[in-house]
Amino acid sequence: MAWNDILKPLSGWKFLFKKPHTIRYPKEDKIPSERYRGIHTNMIDKCIGCGSCEKICMNQAITMKEMDVEVKEGTTNLRPVVDHGRCCYCGLCVDICPTGSLWLSRDYRHLSEDIDTFIIDPNVKEKEREGWQKAPEFSLIPPERGKMEEIPPEKRVKSFMEVFVGYTEPIAKEEAQRCLGCGLCVDACATHMHIPDYLKAIREGNNEEAVRIMFKNNPLSEICGTVCTHFCENVCPVGIIGEPVAIQWEKEFATRTIEDYKKIIDTTIKEKKERVAVVGAGPAGLSFAFYLRLKGYKIDVFEKYEKPGGMMLLGIPSYRLPRKVIEKEIKFITSTGVKIHTGTQIGKKKTFKELLKKYSAVFVATGNTKPYTMGIPGEEGKDTLQAISFLYDVNTGKKIDLKGKKVLVVGGGNVAMDAIRTSRRLGADVYLSYRRREVDMPADELERKEAKEEGIEFMIQTLPIEVIREKGKIKAVKYVPTDMDFSEKGKRPKPVPRMNDVRTLEVDIIIEAIGQGPDLTYLEQEFGESLKIEKGKPVVDKNLMCSIKGLFFGGDMANKQNDIVSAVADGRRAAEGVHNYLQNK
Amino acid sequence: MKQKTEQKKSLNQGGKNMTEEKSIDFFEYFIGPQHPGITGNFGVILNAVGDEIIKAQANPGYLHRAFEKLMEQRMYLQNVPLVCRICVPEPDVNEALYSMAIETLTGIEVPERAKYIRTIVLEMARLAAYLFYFGGTAATLGLYTLPNWSFGDRDYILDLFEELTGARIYHIYMQPGGVRRDLPKDFTKKLYSLLQTLKKRIKEYDGIFFDAALFKKRTKGVGVINKDMAIEYSVTGPNLRASGIAYDIRKDTPYLAYPDINFNVITENEGDFYSRVMVRRREFEEDIKILEQLIDKLPSGEVWNRYPMPLNWKVEKGDVYVKVESTKGEYGYYVVSDGSEKPRRIHVRGPSMTHGIMLLEKLLKGQRIADISPIMFSLDICPPDIDR
Chain A
8 MAWNDILKPL
18 SGWKFLFKKP
28 HTIRYPKEDK
38 IPSERYRGIH
48 TNMIDKCIGC
58 GSCEKICMNQ
68 AITMKEMDVE
78 VKEGTTNLRP
88 VVDHGRCCYC
98 GLCVDICPTG
108 SLWLSRDYRH
118 LSEDIDTFII
128 DPNVKEKERE
138 GWQKAPEFSL
148 IPPERGKMEE
158 IPPEKRVKSF
168 MEVFVGYTEP
178 IAKEEAQRCL
188 GCGLCVDACA
198 THMHIPDYLK
208 AIREGNNEEA
218 VRIMFKNNPL
228 SEICGTVCTH
238 FCENVCPVGI
248 IGEPVAIQWE
258 KEFATRTIED
268 YKKIIDTTIK
278 EKKERVAVVG
288 AGPAGLSFAF
298 YLRLKGYKID
308 VFEKYEKPGG
318 MMLLGIPSYR
328 LPRKVIEKEI
338 KFITSTGVKI
348 HTGTQIGKKK
358 TFKELLKKYS
368 AVFVATGNTK
378 PYTMGIPGEE
388 GKDTLQAISF
398 LYDVNTGKKI
408 DLKGKKVLVV
418 GGGNVAMDAI
428 RTSRRLGADV
438 YLSYRRREVD
448 MPADELERKE
458 AKEEGIEFMI
468 QTLPIEVIRE
478 KGKIKAVKYV
488 PTDMDFSEKG
498 KRPKPVPRMN
508 DVRTLEVDII
518 IEAIGQGPDL
528 TYLEQEFGES
538 LKIEKGKPVV
548 DKNLMCSIKG
558 LFFGGDMANK
568 QNDIVSAVAD
578 GRRAAEGVHN
588 YLQNK
Chain B
73 MKQKTEQKKS
83 LNQGGKNMTE
93 EKSIDFFEYF
103 IGPQHPGITG
113 NFGVILNAVG
123 DEIIKAQANP
133 GYLHRAFEKL
143 MEQRMYLQNV
153 PLVCRICVPE
163 PDVNEALYSM
173 AIETLTGIEV
183 PERAKYIRTI
193 VLEMARLAAY
203 LFYFGGTAAT
213 LGLYTLPNWS
223 FGDRDYILDL
233 FEELTGARIY
243 HIYMQPGGVR
253 RDLPKDFTKK
263 LYSLLQTLKK
273 RIKEYDGIFF
283 DAALFKKRTK
293 GVGVINKDMA
303 IEYSVTGPNL
313 RASGIAYDIR
323 KDTPYLAYPD
333 INFNVITENE
343 GDFYSRVMVR
353 RREFEEDIKI
363 LEQLIDKLPS
373 GEVWNRYPMP
383 LNWKVEKGDV
393 YVKVESTKGE
403 YGYYVVSDGS
413 EKPRRIHVRG
423 PSMTHGIMLL
433 EKLLKGQRIA
443 DISPIMFSLD
453 ICPPDIDR
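Chains as they are written, first to last, in the numbering used here: chain A, 8 to 592; chain B, 73 to 460.
Hint data in this document are derived by calculation from the structure and do not stem from the laboratory. For each residue, glycine too, the CB sits at the ideal point set by N, CA and C. Be aware that a few hints might be false.
As the list claims (entries may be wrong) - The calculated label-pair distances, taken between Cβ atoms and stated as ranges, are:
no.	chain 1	residue 1	chain 2	residue 2	range
1	A	30	B	341	42 to 52 Å
2	B	335	A	26	27 to 37 Å
3	B	413	A	173	19 to 29 Å
4	B	374	A	587	53 to 63 Å
All chains, please: the whole structure from these sequences, using the hints.
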């Protein structure tokens, strides 16, 4: 031990007169870092109330509470409330929040004797963002959906082979993992399918259970898995970060793995004596027949065409919806005892009134069969086709050759997409004219993408104004570009034609796909004014019964959505309605 | 304090007059579980004759928060904010171990940059833990200048942690597949300049503490762990190296970015209190060198490889043991997954279990009461990791 060791510690005295380096609170304040994880803040209007923050919270510090907020489509009125006595400020709630409405502020002080004040409502209308915030690349939700094998466009356009390949099991399981389980999709789906439940069954490898859950709400699940307007995916919060969960493809995958639904779904029926008639074997009629049959009623379905399926069979091309899928689901429905009488048109030989006498109730779902026309000069002629009749002809096997012809399709919905892609497959050079912007198109995004890949030219924001004919045949179309008028809030923009800028496009054939409405001629003839009609559609109550007792309407002819899944939902709702009606008769 | 007495009964020959004679054999003392002089809420029951301890019995359990059981009831990601709480002075080893275990089970690769960032965090935590240790040890000897200095300097590291992770103590920064955010702007510059400050500061610490006669007098030859005893009692970490055995997990089974880093394994030969402190004092400088190398070699690129959506994340069936070198010794996690969303079992192998119970009981025997706290601190026991 040296003397130095005794003297050295005295060196500490030199610090006595140095400036202190600690924060002199309360004269000075500690400024938290930029990433500081402090007290929660939530933008109340940006939050959609999915409850993911509540689910990820390891301390159960977050509770979703009902609040007085405007509930838009794909949102709930639930907002988080945080118990700061439980919170550990880990920030997992921020990292999982799909909207980025939630963040941890740099505010860290809360002092009170009252423990109730530690339950803090973080919801604010507006506040500057600071502290621990959502970083898209670190979001806990994988943004990309499972990839599906694609057929190259050059190969696709050569035939009507199925475009849709579908998920394989590992990818389907992985994709089902992306579901947050918020259930916003259940509200958005017309049939209110229990989507989080069947996705859970799929990721657990229990496809049978998944299909059983699906068939509680939708007997045409495989068809809806292949072609659907999938409103569920449009509201999926995962879609805010990247691609929404592929709910439609998951459904297709699970149903595809089941060969015979009869083996897994319990269809024991307690027979009732009442008989119910259905007019139209489309999605609404079939769904109605299935659910009412399960309640024990005897069902007779009358279909005009030789095969059941309605627009699914006659409107949708086979490359998009393979015929074996339709056959499989109809086979299951008929296996429950539903009788389908094909080739029987009601209104001609048999009347609706006769049906009403013979049956306890009648459900009419004959769809939209009357196409709208543009009403422009030179429109009438053999070479101006209606999309639904054109598709009907193709789907019923009529030989149509469009090789080398120039076809202009007018419209922007899924029917227009079917028309352009079908024409392309028949060898035509195809143009599509749509009067609004591409984002305003009602057609499915995937359909649009695939159509473009197949070499179809999109003429966006154009409006045909005249058809030029030579010796009765179409020579060209005069059209004008349009501008968008956004003055009406909450609605799609209004197209305003630029009439001084007329352009011409040489074409051989025009296909109109601008919508269609129901054909009520026979009904009007029979019932006259006792059948109330508004805006071209019969008026129905909540049970879908019209002004005539025992007569129910559903599907495209009664709803605004005009798609398969809404028709299926109508069928199920009407089945409940008819059951209530007959029980209380 | 309780008196333990033994009754000596002496009977007189006739058996009529019975007298009782009392004599005190030893005193029983309770040290802890209150915090002063104890490294956490932990207790030691002592039997002492005069100032000499004849028996010491560790009395843990006051910090039991059932971490291992809680982990079985939470989803895999939800355990990330939980594990760091197992050790307060050096929480990051828990985060690193938990993430490494999940990565081994699932096969998620960690990007190279994330490996470096994790190593930087671990080494920074090491420095902070050592500063905590120096202060604590000096305070138990009644030398209160060093804790004021070292805790103040430790706050500069915590400031950097706050900038990097958003929190000062429980960083919750590492997650399976990497880390939660990339380094903020100018972080490495700030860290480098802090390292230079710390290099100067450690020399100043020498003056008031490490070279001080008071310190040397009190510590040399106290609480000796020799080589054989160290091996017999599964001593790990700096305590083992103080007994002359050059074993460091960072060197012997390297993980993260350690294979790319050059550093020396510091050893001392005496195995006493003084050696245990001096090993750490010298390692402090070695860790600064490691951090400087890490800053130099830090690669660019991604910092996180995704895992599935955490609410539905099922980890592959299997079990794994992972270990890292902490300032307290070998820290290990044994994770068993049954293929579900929650772990089936997680066992935490904290170094304080062996150091704080078996070894401490042995070492305290024959020591004086005034040396209990210093010896306990010299072993760097962290009671929360005994009571998992």
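Okay, the hints, checked on the actual structure:
Between residue 30 of chain A and residue 341 of chain B the Cβ separation comes to about 43 Å, which falls inside the hinted range of 42 to 52 Å. The hint said 27 to 37 Å for the Cβ distance between residue 335 of chain B and residue 26 of chain A, and at roughly 35 Å that hint holds. The given range of 19 to 29 Å is respected by residue 413 of chain B and residue 173 of chain A, whose C-beta atoms sit roughly 27 Å from each other. In this structure the hint that residue 374 of chain B and residue 587 of chain A lie 53 to 63 Å apart at CB holds, the actual value being about 59 Å.
In terms of the numbered hints stated before, the structure departs from none.
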